[in-house]
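Asker: Using the sequences plus the hints, can you model the full thing?
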Amino acid sequence: MTEKKFAVRDTTAIGTTGKNAGAPRPPSVEDACGDALVSFKNVSLTYHDKTGETLALDGLNFDVRRGELLGVVGPSGCGKTTVLSIISSIITPSSGEVLIDGAPPAERRDECGYMLQRDELFPWLTISQNVLLGAKIKKMKDRREYAYALLDKYGLGDFRDRYPSQLSGGMRQRVALIRTLATSPELLLLDEPFGALDFQTRLNVVEDVHSIIKNEKKTAVFVTHDISEAISMCDRIIILSARPSKVKKIVDLSPIGELSPLTRRESPLFQKYSHDIWENLQNKKEKRL
Amino acid sequence: MKKNTDYSPEHIKYLNGQKRRRAFISAMRWGVLVVVIALWELLARVGAIDSFITSSPSRIWDTFLSLCKDGSLFTHAGVTLYETVVSFLLATALGTVIAIALWWCDTLRNVLEPHLVVLNALPKIALGPIIIIWVGAGTGAIIVMALMISLIITVLSTLNGFMEVDKGKLTLLDTMNATKLQKLVYLVLPSNVPTIISALKINVGLCWVGTIMGEYLVSRAGLGYLIIYGGQVFRLDLVMTSTVVLCILAALMYACVALLEKLAYKKFGKN
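Residue numbers (my numbering), protein chains in the order written: chain A, 1 to 289; chain B, 1 to 271.
The hints are simulated quantities; they were obtained by calculation from the structure and are not laboratory data.
A virtual CB, placed ideally from N, CA and C, is assigned to each residue, including glycine.
Only pairs whose alpha carbons sit at most 27 Å apart, straight line, appear in this in silico DSS-like list of lysine-lysine:
#	chain 1	residue 1	chain 2	residue 2
1	B	K267	A	K139
2	A	K139	B	K180
3	A	K138	B	K183
4	A	K138	B	K169
5	A	K138	B	K180
6	B	K183	A	K139
7	B	K167	A	K138
8	B	K183	A	K141
9	A	K138	B	K267
10	A	K136	B	K180
11	B	K266	A	K136
12	A	K136	B	K183
13	B	K167	A	K139
14	A	K136	B	K267
15	B	K169	B	K180
16	B	K169	A	K136
17	A	K50	B	K180
18	A	K141	B	K180
19	A	K138	A	K153
20	A	K141	B	K169
21	A	K136	B	K167
22	B	K169	A	K50
23	B	K169	A	K139
24	A	K214	A	K136
25	A	K50	B	K167
Pair ranges (Cβ atoms, derived):
#	chain 1	residue 1	chain 2	residue 2	range
26	B	G136	A	H48	51 to 59 Å
27	A	K153	B	K262	36 to 44 Å
28	B	S8	A	G155	31 to 39 Å
29	A	L55	B	G205	50 to 58 Å
30	A	G195	B	N110	32 to 40 Å
31	A	E145	B	G140	50 to 58 Å
32	A	N204	B	Q18	33 to 41 Å
33	A	D226	B	N110	38 to 46 Å
Answerer: Here it is as structure tokens:
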């Protein structure tokens, strides 16, 4: 269904928006694997502030494949969140090219759903009003039924008219995910979405969120500093180096890809992966010191 | 809500204790008032204090009745109430609009902020003569005076609330591509209802100050005028009566805002 919507969009995009229209894209290695929903090509970003300029991203190259859950890990302050900001076109990169389904992020804004570390539910709105906030802002009609169906499906139907203060932390985070899903984005951007939860709740919410994303067949980019969380959720993990960050390594988790987050934690490969990722994060830090 | 009968005996005992304490505090509050009034009356009657200078509750009551009879009390109280309510509403509306404008335009805010702070520090009574000359000696001048006193502080406190809106929630709206107007309507205004209400609470007091001060300066009617007039002709009964009426009116207006606050907190105070 979403595929179809994209196909329709593409034809109109070529017709109306002059920038990329007609001009054939230069072929690249990434194109060879074909199924990229998002591609970063040599993307760099420089921050400017009073104290000077900082090179945050230094020529990032990677793809987000359609339907995958891609993790992004890296030392703190390396620009993980910046990657999401670029995809959702809150920030424009200083150089390089980002394409989402063949178009620049600014034209694909409605295809991205962003989920933040804290649930950021508005305390003065009911759960259903909160869930429909994105649709209201994007002026999308007829989202109510879909949103309510999602709430019902994920066990929040009875809380529709409650206020966020009446829900537990885990429930609130699920509401936040449903708010993100309610506008039917193709691509989910998760920015440490479990950071504010306690450990017990976290394991359960990771399980929930993973199954919701896979159920709804979404593509997702998941930024975290928690290695074990990344391994338990993702299909692939990109390791970024410390600032200025580059892609250090991409870890393919397909051998444990079929397992759920909790069962992955029991897999013997889990240790191997976490050791591997930890080493990669560690080396860089020592070099820097 | 559970009923009392569902609780254990200890808890009922605790609840009753709390209830008794509340009743005691409430009784004491009225008690203080009654004792002060009774003492005042008694001392005046026995001649321990000169009721020509201090007046007395019974003389205040008599003055009140006679002012009611000829209707002049209602005229004066009406004038003062009108001036206060108008300046209060104007200050709130204008203050909020100006705060929105300053929130909207960073450059405007950065340019005007120091001027606002200086204006806020200025004792507004100093502007009295200027206001009288510009607006004319009358109700207009009084309203402008009250407005001057309450407007700047409304702007500053409301703007402060606007600027302290949760950054995470703003980011959320950014990720939804919300426009500035949408951010204002969906986030900044609703999350600042408590701030605006507490600005209202301050404004009630300030507007009364402004109105009475204005009436001292220019008026020919109003409770402030009665007080000044009573003082000049040494009719302390009139001064005291007007002050008591003023007290009651100010308390009523404050109670209205407090009620509004309660309602608003029910909806917007949850966190």
